[in-house]
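One line per chain: the protein sequences are U and H, in this order.
Per the working numbering, the first sequence runs over residues 1 to 435.
Per the working numbering, the second sequence runs over residues 1 to 435.
These are calculated hints, taken from the structure and not from any lab test.
Treat the hints with care, since some could be wrong.
The list cannot tell twin chains apart, which means a pair is met if one copy fits it or any two copies do.
[As the list claims (entries may be wrong)] Capping the alpha-carbon separation at 30 angstroms, the derived lysine-lysine pairs in DSS-like fashion look like this:
| no. | residue 1 | residue 2 |
| --- | --- | --- |
| 1 | 185 | 27 |
| 2 | 121 | 428 |
| 3 | 73 | 229 |
| 4 | 131 | 226 |
| 5 | 185 | 70 |
| 6 | 73 | 185 |
| 7 | 70 | 229 |
These figures come from a predicted structure and were not determined experimentally.
Protein chains: 2
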Amino acid sequence: MSVDIPQTNFPRVVIIGGGFGGIQVAKKLKNKEVQVIMIDRHNYHTFQPLLYQVATGGLEPDSIAHPLRKIFKNQKNFVFRVAEALKVEAEQNVLVTNIGNIQYDYLVIATGSDSNYFGSKELESHTMPMKTIPEALDMRSMVLQNLESALLTDSLNEQEAYMNFVVIGGGPTGVETAGALAELKNHVLPHDYPELDIRRMQINLIEGGDRLLGAMSEQASAKSEKFLKQMGVSVRTKERVLGYDGNVIKLSSGKELNSKIVIWSAGVKGVTLPGINNNVIVPGNRFKVNTFNQIEGYDNIFAIGDVAAMITDDYPKGHPGVAPAAIQQGQLLAKNLVQKINDIPMEPFNYFDKGSMATVGRNRAVVDMGFVRFQGTFAWFVWMFVHLMTLVGFRNRVVVFVNWVWSYFSYDRGTRLIIRRFEREADKKLDPVEV
Amino acid sequence: MSVDIPQTNFPRVVIIGGGFGGIQVAKKLKNKEVQVIMIDRHNYHTFQPLLYQVATGGLEPDSIAHPLRKIFKNQKNFVFRVAEALKVEAEQNVLVTNIGNIQYDYLVIATGSDSNYFGSKELESHTMPMKTIPEALDMRSMVLQNLESALLTDSLNEQEAYMNFVVIGGGPTGVETAGALAELKNHVLPHDYPELDIRRMQINLIEGGDRLLGAMSEQASAKSEKFLKQMGVSVRTKERVLGYDGNVIKLSSGKELNSKIVIWSAGVKGVTLPGINNNVIVPGNRFKVNTFNQIEGYDNIFAIGDVAAMITDDYPKGHPGVAPAAIQQGQLLAKNLVQKINDIPMEPFNYFDKGSMATVGRNRAVVDMGFVRFQGTFAWFVWMFVHLMTLVGFRNRVVVFVNWVWSYFSYDRGTRLIIRRFEREADKKLDPVEV
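Based on the sequences and whatever the hints tell you, model everything.
So this is what it looks like as structure tokens:
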């Protein structure tokens with residue numbers, strides 16, 4: 001069964017995914033002689049860099065999610081459907097989705113990435129990922145539920161486990177999450193839980209490499225570690241996670257930690273889909289693309305952003321899985337598609353690295369911009385400014401800004417609400433009582 | 001097993017429910033010689049009068065929910081637990097909860113009300129209630145999912161059903177919900193869904209009585225009906241719902257409407273709990289209380305707010321189930337508890353009726369204050385002002401205010417996000433495909 005979308009006289013570009021890359025392709029095709037069809041599992045774009053603030057009670061979903069239909073409300077050549085891509089039938093130029101088949105002339109795979117557990121089912125079922133808004137909301141519920149549970153137990157051991165927050169992975173997400181948890185611990189929770197000795201709450205950040213923020217400068221790594229330690233986070237580098245059963249986390253050093261909440265930010269992998277030749281999938285589960293973002297061996301199928309690996313001398317593993325790479329690839333691809341349709345040669349992609357940054361907490365961020373590196377209060381303001389400006393939609397900027405100003409002056413986090421309880425895998429068998 | 005909360009030297013007041021009534025009791029007992037224990041299923045207070053705005057994409061939960069621990073963060077004699085009351089063992093002065101038993105000296109039942117389906121299992125499983133934040137979020141998802149589904153069907157009949165929004169019950173919630181849906185239809189959806197002819201979207205408001213807002217003046221009823229009709233809502237009074245199977249709604253006039261979304265706001269009933277003598281439960285499932293809010297036949301068990309029926313000459317069915325009644329009863333009860341403990345006679349309750357109001361849409365509200373009645377733009381500003389001032393917490397006021405100002409100037413609703421898909425009972429068997 002095919003999806004009922006009237007064909008126009010123009011070639012049809014089908015985009016899978018409304019992330020940073022996908023929306024750029026569609027935007028830049030506005031008023032061009034193509035029909036643009038976008039599908040996404042959600043009806044909104046997620047600003048993933050701020051997901052950790054949703055997870056730690058700083059922001060609500062409406063601040064970082066933007067309805068896709070709203071982004072494109074005045075774009076006449078644009079059609080959107082909430083749908084999930086199931087596979088590509090490349091010979092027939094057909095994308096199979098859960099709402100039916102969609103014929104394409106050009107296919108853009110902008111499916112992004114998902115948490116990578118490196119094959120461990122145990123870690124997948126017991127740790128908490130943070131790649132989508134529902135996952136961030138689950139984590140928020142779990143953080144608060146754990147403190148409520150800590151009040152209910154007589155066992156000091158169990159209380160320790162409820163109050164031991166473990167973050168795995170010392171990349172930007174891990175660092176930012178650990179920092180945000182530390183701010184909750186330092187400023188918010190002691191007032192909320194006078195009965196608990198919140199000083200006993202631990203935040204452990206575990207990183208396999210020898211430093212945090214491995215993709216940034218050594219200066220940024222050192223400073224972020226110092227910031228985290230100042231804030232009370234235990235940073236454990238050169239330490240890998242061997243297993244976690246929902247109660248005890250086993251580390252490569254032999255150490256074991258009791259914890260009821262382990263957050264997984266240790267790796268991502270591309271979200272590929274069946275129907276594309278498996279041989280073009282490189283490590284990281286990304287599609288190998290040429291400098292035009294064409295998937296190797298295909299003429300009219302493209303991949304951009306996290307799911308694409310454009311292997312060059314400067315980037316032997318492909319570009320980093322960050323928003324600017326996806327945005328730049330998306331913008332060029334839109335231009336290239338128009339040129340290709342008009343038989344004009346496509347232009348090769350050149351990544352402009354704007355630098356990278358991470359925030360640890362109030363007045364504590366690290367910024368690398370080429371050889372310019374700085375940390376601390378000014379870096380923190382730069383971080384906030386860049387994130388505010390990158391948010392999609394004026395309303396989102398206003399809402400985030402108001403929330404940040406509020407938090408700055410009140411030292412408060414507004415949204416510590418358990419809207420939907422999260423039930424851990426490990427508790428499903430044990431505890432039939434609904435709390 | 002009893003819940004581990006250290007006993008103090010003071011009598012213990014246990015409050016079930018952190019609604020309007022419950023929080024007043026606890027607040028007014030601050031610095032008094034009692035220990036206050038509050039339990040609630042949620043860790044937040046819900047400002048129910050604005051739930052419909054969460055359901056229609058105008059507000060996020062953080063604007064109308066306030067963490068209970070935050071409300072009481074400086075109150076030393078206050079203890080909170082997330083828990084559900086299961087029953088009262090009145091002879092032993094024990095409240096049984098899902099986290100264990102809690103001993104009390106005085107018990108305050110402030111459990112509020114829940115949707116009343118008047119015994120119809122069919123209506124309960126197929127219509128959407130709107131009494132809690134998760135329910136409002138489900139309704140928001142369903143409104144948007146229906147429009148997405150309308151795009152996917154070839155059948156005009158089915159499309160009509162997806163685009164026919166039926167609200168049952170013409171009280172304030174029903175009127176406000178129908179009005180908010182009409183504003184979505186008139187200002188937001190045509191831009192979001194250019195492929196659908198949004199003029200075909202119907203909003204039906206069904207009321208069993210002969211007028212809307214039956215508890216208000218006839219002037220308010222007439223004007224609200226006029227407002228709704230101006231906005232394109234079909235108002236059907238003197239019409240009862242006989243059944244709804246998830247697809248077709250049968251009305252007492254014999255008329256049938258195809259609809260995939262029916263919102264239930266036709267009645268509430270008190271949330272009583274076992275262990276209290278059944279004979280004191282009056283129609284509406286409320287505990288019959290004396291003028292001190294003591295449940296008939298009990299000396300140390302009280303009920304306030306929606307779950308209490310204080311039958312007087314002026315209020316032969318008890319006070320209306322509105323926030324001011326719960327608040328006033330809660331305030332007096334706190335005072336009376338202290339007096340009772342100190343062997344001072346308690347004071348009888350007198351309800352001060354501040355009037356009532358409902359909003360239909362932009363510049364359209366109705367207000368009754370005693371014999372002063374007005375409708376229109378000024379009423380709308382009064383409605384907004386009163387609701388802003390009644391919200392718990394300064395942050396919530398700021399967030400709601402910013403959202404309202406935004407909506408006023410942009411004619412937009414910010415949060416049309418399907419964060420968690422809602423699955424209808426009626427679709428569970430039919431449609432195993434996850435969309």
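Cross-check of the supplied hints:
{"no.": "1", "hint": "185 to 27", "verdict": "between (42 angstroms within a copy, 26 angstroms between copies)"}
{"no.": "2", "hint": "121 to 428", "verdict": "both (16 angstroms within a copy, 29 angstroms between copies)"}
{"no.": "3", "hint": "73 to 229", "verdict": "between (47 angstroms within a copy, 28 angstroms between copies)"}
{"no.": "4", "hint": "131 to 226", "verdict": "within (27 angstroms within a copy, 47 angstroms between copies)"}
{"no.": "5", "hint": "185 to 70", "verdict": "between (37 angstroms within a copy, 15 angstroms between copies)"}
{"no.": "6", "hint": "73 to 185", "verdict": "between (42 angstroms within a copy, 15 angstroms between copies)"}
{"no.": "7", "hint": "70 to 229", "verdict": "between (42 angstroms within a copy, 28 angstroms between copies)"}
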